[in-house]
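Sequences listed follow chains V and A, in order.
Going by the working numbering, 395 is the number at position 339 of the first sequence; the sequence numbering is gapless.
Going by the working numbering, 21 is the number at position 17 of the second sequence; the sequence numbering is gapless.
Treat the hints loosely; a few may be bogus.
[To be verified] Subject to a maximum C-alpha distance of 27 angstroms in a straight line, what follows is the list of computed DSSO-like cross-link-like pairs (lysine-lysine):
| hint | chain 1 | residue 1 | chain 2 | residue 2 |
| --- | --- | --- | --- | --- |
| 1 | A | K123 | A | K221 |
| 2 | V | K326 | A | K154 |
| 3 | V | K326 | A | K204 |
| 4 | V | K361 | V | K238 |
| 5 | A | K154 | A | K123 |
| 6 | A | K66 | V | K361 |
| 7 | V | K172 | V | K326 |
| 8 | V | K238 | A | K154 |
| 9 | A | K123 | V | K172 |
| 10 | A | K154 | A | K204 |
| 11 | A | K66 | A | K123 |
| 12 | V | K361 | V | K326 |
If you are wondering where the hints come from, they were derived from the structure by calculation, not from laboratory data.
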Amino acid sequence: MSRIFSRARTRIVLQVLVLLMCIPYQAVAADGILVGDGRNHAALNVSIAVFDPGVPADMSLHRDLQVFPQIREIEAMFLPFVLRETLARTNAWGAVRVIPQPNVAAELLVSGVILKSDGGTLELNVRAVDASGRVWFDRAFAGVVTDSYATGSNGSALPGYQQLYGEIAESLESARAQLDDKALADIVEISLLRHAGQLAPSAFGDYLSQSADGMFSINRLPARDDPMLDRIERIRGAEYVITDAVDAKFQQLHSEIASIYDLWREYRRKVIEYQTEDARRVQRTKSSALRGSYESLVNLYDNYKLDRITAQEQNSLAVAFSNEVGPRIQAMENRVDELEGWVDTQYAEWYRLLEELFELESGL
Amino acid sequence: MLRKSITIVLFLLIAACSQQPVINDEMIHLDGGMPVNFSGSWERNYARDDEVNAVLRDAYNKLIRTIPDQHHPSGPGIDASTSNKMNSLRALARLAELITRPDVLTISQSEHEISVDRKDDFAMLCAFYDGVSKAIENDNGIEICGWDGKQLVSSLVLQGGLQVTHRFTISADSQHLRVVTTVSSTTSRIPFTLRRFYTKFRRPTSNFNCIETFSMKRVCSTTEIKR
Numbered sequence: 057m058s059r060i061f062s063r064a065r066t067r068i069v070l071q072v073l074v075l076l077m078c079i080p081y082q083a084v085a086a087d088g089i090l091v092g093d094g095r096n097h098a099a100l101n102v103s104i105a106v107f108d109p110g111v112p113a114d115m116s117l118h119r120d121l122q123v124f125p126q127i128r129e130i131e132a133m134f135l136p137f138v139l140r141e142t143l144a145r146t147n148a149w150g151a152v153r154v155i156p157q158p159n160v161a162a163e164l165l166v167s168g169v170i171l172k173s174d175g176g177t178l179e180l181n182v183r184a185v186d187a188s189g190r191v192w193f194d195r196a197f198a199g200v201v202t203d204s205y206a207t208g209s210n211g212s213a214l215p216g217y218q219q220l221y222g223e224i225a226e227s228l229e230s231a232r233a234q235l236d237d238k239a240l241a242d243i244v245e246i247s248l249l250r251h252a253g254q255l256a257p258s259a260f261g262d263y264l265s266q267s268a269d270g271m272f273s274i275n276r277l278p279a280r281d282d283p284m285l286d287r288i289e290r291i292r293g294a295e296y297v298i299t300d301a302v303d304a305k306f307q308q309l310h311s312e313i314a315s316i317y318d319l320w321r322e323y324r325r326k327v328i329e330y331q332t333e334d335a336r337r338v339q340r341t342k343s344s345a346l347r348g349s350y351e352s353l354v355n356l357y358d359n360y361k362l363d364r365i366t367a368q369e370q371n372s373l374a375v376a377f378s379n380e381v382g383p384r385i386q387a388m389e390n391r392v393d394e395l396e397g398w399v400d401t402q403y404a405e406w407y408r409l410l411e412e413l414f415e416l417e418s419g420l
Numbered sequence: 005m006l007r008k009s010i011t012i013v014l015f016l017l018i019a020a021c022s023q024q025p026v027i028n029d030e031m032i033h034l035d036g037g038m039p040v041n042f043s044g045s046w047e048r049n050y051a052r053d054d055e056v057n058a059v060l061r062d063a064y065n066k067l068i069r070t071i072p073d074q075h076h077p078s079g080p081g082i083d084a085s086t087s088n089k090m091n092s093l094r095a096l097a098r099l100a101e102l103i104t105r106p107d108v109l110t111i112s113q114s115e116h117e118i119s120v121d122r123k124d125d126f127a128m129l130c131a132f133y134d135g136v137s138k139a140i141e142n143d144n145g146i147e148i149c150g151w152d153g154k155q156l157v158s159s160l161v162l163q164g165g166l167q168v169t170h171r172f173t174i175s176a177d178s179q180h181l182r183v184v185t186t187v188s189s190t191t192s193r194i195p196f197t198l199r200r201f202y203t204k205f206r207r208p209t210s211n212f213n214c215i216e217t218f219s220m221k222r223v224c225s226t227t228e229i230k231r
């Protein structure tokens, strides 16, 4: 019996070793101060989750609110990437990645909800939370596209709403400036320990405690040469490779649909301008015909008709936009699903093996 | 939800104040699915249509009968007031003729919406969500529909007291459609009603599969197009 058990143990250990050998041991080792002190803790890794499209569940409101659900879904994937590019350009952060789902163990998690996007105005509610549970901010940002932005004639070559993304980047930096080195170092450690706690709760479950308000604090730290921690970091490295592959897919999507999206946004902006001008025209032509005359009746009918035809045209073009970018979105989602599926499968396997390994090593 | 209720109540009030309230609270509520399926392509059957001038003559006679001491339409005894009323009625008739001019209607119907596409005009839209008709409004008017038994009734109330109502009825074999359009205004004592008849037809099928795209407009292929 004990021989069988011993053989099983050996097989498990061998499986783990083979698995961990497959995972590249890379720069991640320098990420956490538990295994290396060379890292600049202010340069936190930032994970930007795909935004909430902000589509009301009540379908009857979509027309009134000028919400095109399919386009909002696309924007929810597209806009985080613009923010990612803005943050990356500042060189003020570590790795900045777009991720399909929020990861609570991220050093800094940025999530957003699209409140309004009509080509002329973009309103986002953005929330930034670090791994310790500290909310950096949770507020709305609004940007208006001006002519110079829309046409690029300001020579900046920056996309529309760049000011909005710039404000978000500034807010993140301002919030970070409120934190001292110790707090920033804690964020990095807590992120690693939360991640470790998710993968191997038996081994890392008691390193952190959580207060009633959801904040995490460090109870104690594992030894710097803890073999379990080393494995966790190797696994995290493998996850980062996948996350970067997913991020590359978002980058590809962005480059593929950016020009079409800009056209759509420009069209929506022109529609708003047209509607404003048309409202003025209605006022101008209101009383020119005798009340009750044929001309007067036709004028009343035509004013309504023009508004409705404009709205219909917008709906048709929204469908045309979805038709055009739909296959690209689908291809990207399929690839991301494959990558995420692989991670999920591996995660379950890593979880099981690490728990067994901890049991074997700790003799519990 | 509150806004929706206010809109509908407002519409019903406007309709009640006009000469002929056509959609009541009962009609805008729908239990279960749509009672009739109108979807398909419909072409005008001119042979059965009302003749505008004949309807207008009848309307004139009806108008004259409502006015004391007036017996002959457009006769020498008509005073200025009556003449104005007749002009108003003629304006309604011309508008009704204009609105009902399209010779083809394309109706698409889903679980929630009925859309009636007409050439050179906006598509009439009838939307039901959560069993309640959803009004469409813009700065110039408000449009709402309802079911009166198996008849679909669409009513448009415009600024200036103008109201346009369409009543759709389908034949038992679903091959014929009647649309009764009534135009009324606060400037005319009596409304003007025209009947148009349509017959269902099948559009020829194409060898091409086409989709509308945003930057390339219509794209067609002989094979299936991925969406």
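To see whether the hints hold, each was checked on the structure:
1. Restraint check: the Cα-Cα separation between A:K123 and A:K221 comes to about 20 angstroms, which is no more than 27 angstroms; the hinted pair holds.
2. With a C-alpha separation of about 42 angstroms, the suggested pair V:K326 and A:K154 falls outside the 27 angstroms cut-off, and the hint is violated.
3. Distance hint between V:K326 and A:K204 is unfulfilled; the C-alpha atoms sit about 39 angstroms from each other, more than 27 angstroms.
4. For the hint linking V:K361 to V:K238, the alpha-carbon distance of about 64 angstroms lies beyond 27 angstroms, and the restraint is violated.
5. The straight-line distance between the Cα atoms of A:K154 and A:K123 is roughly 26 angstroms, inside the 27 angstroms bound, and the hint therefore holds.
6. The straight-line distance between the Cα atoms of A:K66 and V:K361 is roughly 31 angstroms, outside the 27 angstroms bound, and the hint therefore fails.
7. Simply put, V:K172 and V:K326 have alpha-carbon atoms about 16 angstroms apart, close enough for the 27 angstroms limit, and the pair holds.
8. A hinted pair counts as satisfied when its Cα atoms are at most 27 angstroms apart, and V:K238 with A:K154 does not qualify at roughly 73 angstroms.
9. Pair hint A:K123 plus V:K172 does not hold up; C-alpha atoms about 33 angstroms apart against a cutoff of 27 angstroms.
10. The straight-line distance between the Cα atoms of A:K154 and A:K204 is roughly 18 angstroms, inside the 27 angstroms bound, and the hint therefore holds.
11. Of the pairs offered as hints, the one joining A:K66 and A:K123 is violated, with about 33 angstroms between alpha carbons and a cut-off of 27 angstroms exceeded.
12. Using a Cα cut-off of 27 angstroms, the hinted pair V:K361 and V:K326 holds, with the two alpha carbons roughly 19 angstroms apart.
In terms of the numbered hints stated before, the structure departs from hints 2, 3, 4, 6, 8, 9 and 11, listed from lowest to highest.
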